[in-house]
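The sequence shown begins at 588 in the numbering used here and counts up by one.
Please keep in mind that the hints were generated in silico from the structure rather than gathered at the bench. Glycine included, C-beta positions come from ideal geometry on N, C-alpha and C. Hints may contain errors.
As the list claims (entries may be wrong) - Each pair of labels, with its calculated beta carbon distance range:
# : residue 1 : residue 2 : range
1 : P622      : A650      : 26 to 32 Å
2 : P622      : K657      : 36 to 42 Å
3 : F640      : G660      : 28 to 34 Å
4 : L609      : K589      : 36 to 42 Å
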Amino acid sequence: MKLLRFIEFFRARLRATVGVCLALLALLVVVDAIPGVVDKEHAHTAPEHWPAFWAVFGFIGCAILIILSKAFGHAGIMTREDYYDE
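Please construct the entire structure, taking both the sequences and the accompanying hints into account.
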């Protein structure tokens, strides 16, 4: 029941929760851009030296995953509502 109260607490304050999460993500991107804070000396590829590379890479990967899953869903997984009535 504690988990339910925890979820309800954040759901009641959804706008503030999203704002805090976005601010935290922006702060992490800024910290990543500060030289000397994150060690990029041993990066394997050139793009890994760019500030916020992994943040952008992860965002694009998630966006592609969502778009593809929606496309697969609409292509054949989803069915009409009266499917079981037949």
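Results for each hint:
1. P622 with A650: 26 to 32 Å: holds, 29 Å
2. P622 with K657: 36 to 42 Å: holds, 39 Å
3. F640 with G660: 28 to 34 Å: holds, 30 Å
4. L609 with K589: 36 to 42 Å: At 26 Å between Cβs, range violated.
In summary, the one numbered hint that this structure violates is 4.
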